[in-house]
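Turn these sequences into a full structure, and let the hints guide you.
Protein chains: 2
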Amino acid sequence: MRPGLFVLVVGPSGAGKDTLLDGARAHAACAQRFHFARRVITRPAGSPGEDHDSQSEADFAQREEQGGFLITWRAHGLSYGLPSALRDVLDAGGHVLANGSRAVVAELARRVPHLVVVEVTAASEVLAQRIAGRGRESREQVLQRLARKADALPSTVHTLRVYNDGTPAEGVDAFVELLLGLCAPLTLRPLALLTQEPLCVVHADDFVEGGMLEVAAVHAGRCERLRVPVVVGTDGQWVPPGHIGLDARSAERLGAPAGAALLARSVAPARERDLLRKKIGGEALTEGEYRRLMREVVDGRFERTELAAFLVSATQSLSDGEVQSLARARAALAQTLSWDEPMVVDKHAIGGVPGSRITLIVVPIVAAFGLAMPKTSSRAITSAAGTADAMETLARVDLTAAEVAACVRSARACIAWNGRLNHSVLDDVMNAITRPLGLDSARWAVASILSKKKAAGATHVVVDLPCGPRTKLPTEAAAHELAHLFERTGRALGLEVRALVTDGSRPIGRGVGPALEVRDVLAILGGRADAAQDLRAKAALFASHILAWHPEVGSLAEGHKVAQDLLDSGAALQAFEAIIDAQGRRAEPVLPGSWTHEVLASHDGRVEAMDGWAIAGLARAAGAPTDLGAGVDLLCEVGQRVARDQPILRIHASSPQGRDAGQRAAEQMALANPAILIGSEEECLAP
Amino acid sequence: MRPGLFVLVVGPSGAGKDTLLDGARAHAACAQRFHFARRVITRPAGSPGEDHDSQSEADFAQREEQGGFLITWRAHGLSYGLPSALRDVLDAGGHVLANGSRAVVAELARRVPHLVVVEVTAASEVLAQRIAGRGRESREQVLQRLARKADALPSTVHTLRVYNDGTPAEGVDAFVELLLGLCAPLTLRPLALLTQEPLCVVHADDFVEGGMLEVAAVHAGRCERLRVPVVVGTDGQWVPPGHIGLDARSAERLGAPAGAALLARSVAPARERDLLRKKIGGEALTEGEYRRLMREVVDGRFERTELAAFLVSATQSLSDGEVQSLARARAALAQTLSWDEPMVVDKHAIGGVPGSRITLIVVPIVAAFGLAMPKTSSRAITSAAGTADAMETLARVDLTAAEVAACVRSARACIAWNGRLNHSVLDDVMNAITRPLGLDSARWAVASILSKKKAAGATHVVVDLPCGPRTKLPTEAAAHELAHLFERTGRALGLEVRALVTDGSRPIGRGVGPALEVRDVLAILGGRADAAQDLRAKAALFASHILAWHPEVGSLAEGHKVAQDLLDSGAALQAFEAIIDAQGRRAEPVLPGSWTHEVLASHDGRVEAMDGWAIAGLARAAGAPTDLGAGVDLLCEVGQRVARDQPILRIHASSPQGRDAGQRAAEQMALANPAILIGSEEECLAP
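Line order of the protein sequences matches chains A and B.
Following my numbering, the numbering of the first sequence begins with 43 at its first residue and continues without gaps.
Following my numbering, the numbering of the second sequence begins with 43 at its first residue and continues without gaps.
Fair warning: there could be bad hints in the mix.
[Said to hold, decoys possible] Dumping the calculated DSSO-like pairs for lysine-lysine here, alpha-carbon to alpha-carbon at most 30 Å: (1) B:Lys320 to B:Lys514; (2) A:Lys320 to A:Lys514; (3) A:Lys514 to B:Lys514; (4) B:Lys514 to A:Lys320; (5) A:Lys320 to B:Lys320.
[Claimed, not checked] Covered by chain A, per the in silico footprint, the following chain B stretches (three or more residues, Cβ under 8 Å): (6) 227 to 236; (7) 273 to 279; (8) 338 to 349.
[Claimed, not checked] Residues of chain A placed beyond 10 Å of chain B at every Cβ, according to the derived structure: (9) Asp60; (10) Ser126; (11) Arg129; (12) Arg153; (13) Ala234; (14) Gly253; (15) Arg295; (16) Asp382; (17) Ala443; (18) Thr517; (19) Arg540; (20) Pro689.
In short, the hints are calculated from the structure, not lab data.
Backbone N, C-alpha and C fix where the C-beta goes; we use that ideal spot for every residue, glycine too.
Written as structure tokens, this is what we have:
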């Protein structure tokens, strides 16, 4: 028999842990399923608060000495302990439910076989109100407690949340629903099945209810989670009782080996379908309504078709006020990071322009000045390179939250991959719907992006809005409207946001592809005379706006001067090297691929336009971004005169196959949609 | 080894069978996978048309005599034969592809182990144009051929369709895609798995491609089909090569036993995503665009989330012109029935009102007059009784298409369950989305309903639009607008449609529940003096509108007179009895349940309103519609004065448990939302 679950309930003062625990104790099914741990506290037995076993400090210390506690901690001048006898309950397959402290979570995880932390929480205004009404503690103590809320729980522990800012009965309902949804640990059996969607199989004996399980694997210093539709095996042929079968890809994503214990939970059905219905009907939702709705969305309680219907409505009607409400609601739901810094800077680009790798210049300038900038970026999805792909030519980018924090401590900044750090179920569904269907999700994205920046602890954010015929923002008017929405929504979140509309009509810099873009960046940081001036100027502009926020700089003009100095002095380059070292320098940087093919001008003429998307397409054909060395090097500029047979771009790849594929793509493209358009009047005059 | 598939390609002249077969023959993968049957025809070898083996009529007859043919048929004065040697190809596991005639389908199904019919078709205007351009046949011959198109293929055969009204290359692409998607017959292995959504498992060796299989089982005189997402087993543990595992519910729905051969086909990915995108973006689609889009929707090529997004847009913006285009596009896609009748009548109600079982009166009146009315109706979904539930208290309602036709031959009409007869993937998804989310799908429903009526061969349709605060049409304006849309859309389909806005503010008749409603119906048909006059009047109104269409009646006033006569003379009752006999009379009719509970007036007063939904809720609580005898009998009318403790409604059930459940529901309801509202001024005056 597998040992049972240890469920530790934590939460700040005012969150109502005691109320929820009392409610669960009074609930027959909960009382039957869980052993409620009784705490030992060095507080007189008659004092208000929870029912506990009272011991003197001396007796407590002696009991601790004799191994009488599973774990102990101190808080508010008292000692707390959970008796070691609870281990016997677990060993017999029983589940223990205990009121605890977030301070002991990491240690407790080492002492019990299967720890589940239930974090009881509520909106800060609700917490403050409840604590104030209590009068047991001084104002200082209250503030101290609330500050402690920011301590992140260890990412290695399986944590679930209960929001308790409604009535006590609502809170108890939600808590009981969560507790009864917890399954006993199940033994992982990877199935030799390839599925389109994740799938798990449990035996009918282990089935709790509902169509969806959240499964968590605590393994190799991580806790990975998945939501998976459940298939119930009615005989033991597929999966015997006590086991959970998981399709091959899901098992791989969880990263746990066959035989590992998985912690599973039935996802309860949605309660807030009326709110979804209201929005689909075209009505606006309030912040409180978004908060209730988004909690259930994030918990995976809705069908994908329902989310699709909701998101279509959200792309059609989302007022400025709703964008702000949604941003605040989502920020409140996210796991929040806090930095011990007066200013934490971030940057975002909507869409982006091929070659415009300014993040790799802005971050070093800002870090060189001394501001904290824990930047996380995406990999390429449809483009030739994302910032994370480019950075990966030099350093590790797959950082954990703890590693991001360590980088900021040692180098003031990082440039990490965001894939692991702030994943959103909702954005996954949104992308799966909006991308193939080409829906305009820009206003939705404002709430999504800024709520993530807020949750990541940023205080100041610059946003790059490239505007041009092939970008997500084809008109100046649309771009400026979105810029204002970004700035207003930032204010609603308590963020300083500066959104700049930039030229998205042509590539920026010369290289398109991870290593080629980094080559351009290093030329600028290294102060080389032949560096791409458009890329340098754009990076300096964004850095200036950031620096201008700092009281010692104070103005954009001064910010510009400081940014130039940091570039010219080599301080930015030095900061970049420090960031690379902090993240983990690659033994050898990835350089532009040495298999090249030059595309020649078909006729004399003036370069009239460059199609950034066609150029990115060539780079992808040559292997970018998977081949970090692949890409396209632009050998001419818009407005420049070129002669027939003059090389106008060079395709790079790390293999002859990539080079050949790039060459074929270039030949096909020349017929249909040339990446570089050379003026045709000269062509007409030619013989 | 299982024998291979026999794929018979049929289709009307002008559909382009030869072009598609030639295209497939030229396609390397098709040529490798299929044995192309060469036909023997009694036509000189040099004549135009397909390459064939030519034989004299005498040689042909002799060869037929000697068993040299798998099957033969005559057409256009010639004999056609497929050589019997094709059986050896099948026995060796090979797949045969042959150009055939729909006339031999039923017989061929008995002679080959696994028949798949591919019906090549095109819009009628395209067919006519192609045939006219050919000049090989006289105009009369062309018309004869086109008329033959209406012959339905036997429902016992697995039939697939290829639409060939684009370019020849597009047609060949679609045909080749379908052929290559066909799997070899797979052995059914029901899996002991309960899933939320259907699921099948095939071995990696049998996997064609794509995420969805359409599986068909030909068994017990039926061909049942399902679309199921595929899971691929990478070892033989779950499902060995050559087998197909199917979740328990899907296997049950298919109705085939373990070990049966299933015909499976990979559903190809969508090609028309741009059209979906266009509609989601709020643009209108043309009829041609709807035709292309709906073909793929019906084929199951889109994700459910994509359909959800599309349907939300469709509920938000669907112009009158689009409703008509959509109706025509959907009618063209459906399997069409044709009746050898100048008038075929149908009736539909949107939403419906508790107790308003007029169909059971209208159909007999119309049949007594002599018009054909093959009526199919739904069972209750959220109400206490559907027309099919009510009819089921007297007769079988689960009729096949052939049984519907036989009823019309012998009794001029039927009242059958529509569940098996006109099922729509699209409407399933629409209902799954709109019902829980409360979306207004009325305009969409106009296209859906009328296209089904058209495909079922109706020429004249009456539509009942109950209007009232708790119906789908809360305002008169909305109801009249929808009525006009019904009538205009009918015209676009070549249907006569009359849509009547009726009073949906209160129940009609006295009984609510299958057997109680039938009791009301029989009282009217039997000419009993105490029959419910509101129900009789409403039924007579709809019958009058139908009869008025007939040239011998000609006016609504005359129609009304004829309807009354048919009721008064007992002719309608006689027609009803004939319909019951034709469908299959129940040995004993189901009567209203004998376990009853009477609800008494709480005070003296006037009945001000009846809440039809609350009354239906009581009937459901008592067991309706599963218990056909359960329901509520109304013992008072709106406007009537009642005395305290006077019975105002009676709950019926077929068991004491049902009666008790109904009683409990009535007691709870009285506190919150009384089903029958008795004026409160008297209550206030009471001591």
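Right, here's what the structure says about each hint:
With a C-alpha separation of about 28 Å, the suggested pair Lys320 of chain B and Lys514 of chain B falls inside the 30 Å cut-off, and the hint holds. This hinted pair checks out: Lys320 of chain A and Lys514 of chain A have alpha carbons roughly 29 Å apart, not beyond 30 Å. For the hint linking Lys514 of chain A to Lys514 of chain B, the alpha-carbon distance of about 40 Å lies beyond 30 Å, and the restraint is violated. Restraint check for Lys514 of chain B and Lys320 of chain A: the C-alpha separation of about 17 Å stays at or below 30 Å, so the hint holds.
For the suggested pair Lys320 of chain A and Lys320 of chain B, the alpha carbons sit about 24 Å apart, so the restraint of at most 30 Å is met. For the region 227 to 236 of chain B, the proposed coverage by chain A is satisfied: 4 residues have a C-beta within less than 8 Å of a C-beta in that chain, meeting the threshold of three. Interface restraint, the region 273 to 279 of chain B with chain A: holds (6 residues with C-beta to C-beta distance below 8 Å; minimum three). Using a Cβ-Cβ cut-off of 8 Å, 4 residues of the region 338 to 349 of chain B lie near chain A, which meets the minimum of three, so the contact claim holds.
Consistency note on Asp60 of chain A: stated as away from chain B, and its beta-carbon is indeed over 10 Å from all of that chain's, at 34 Å minimum. Non-interface status of Ser126 of chain A relative to chain B is upheld: no Cβ of that chain comes within 10 Å, the nearest being about 42 Å off. Its beta-carbon lying about 37 Å from the closest one in chain B, Arg129 of chain A satisfies the requirement of being farther than 10 Å from that chain. With a cut of 10 Å on Cβ distances, Arg153 of chain A stays outside the contact zone with chain B, its closest approach being about 38 Å.
Its closest Cβ contact with chain B, about 4 Å, brings Ala234 of chain A to no more than 10 Å, contrary to its assignment away from the interface. For Gly253 of chain A, the shortest C-beta to C-beta distance to chain B comes to about 4 Å, within the 10 Å cut-off, and the non-interface label is violated. Every CB of chain B is more than 10 Å from the CB of Arg295 of chain A (nearest about 17 Å), matching its label as outside the interface. The claim that Asp382 of chain A lies off the interface holds: its Cβ sits roughly 43 Å from the closest Cβ of chain B, which is beyond the 10 Å cut-off.
No beta-carbon of chain B comes within 10 Å of the beta-carbon of Ala443 of chain A; the shortest separation is about 31 Å. For Thr517 of chain A, the non-interface assignment is confirmed: its Cβ lies about 17 Å from the closest Cβ of chain B, beyond the 10 Å cut-off. Annotated as non-interface, Arg540 of chain A keeps its C-beta farther than 10 Å from every C-beta of chain B; the closest such distance is 32 Å. Chain B leaves Pro689 of chain A outside its interface by the beta-carbon criterion, the shortest separation being 37 Å against a cut-off of 10 Å.
Against the hints set out earlier in the document, violations occur for numbers 3, 13, 14.
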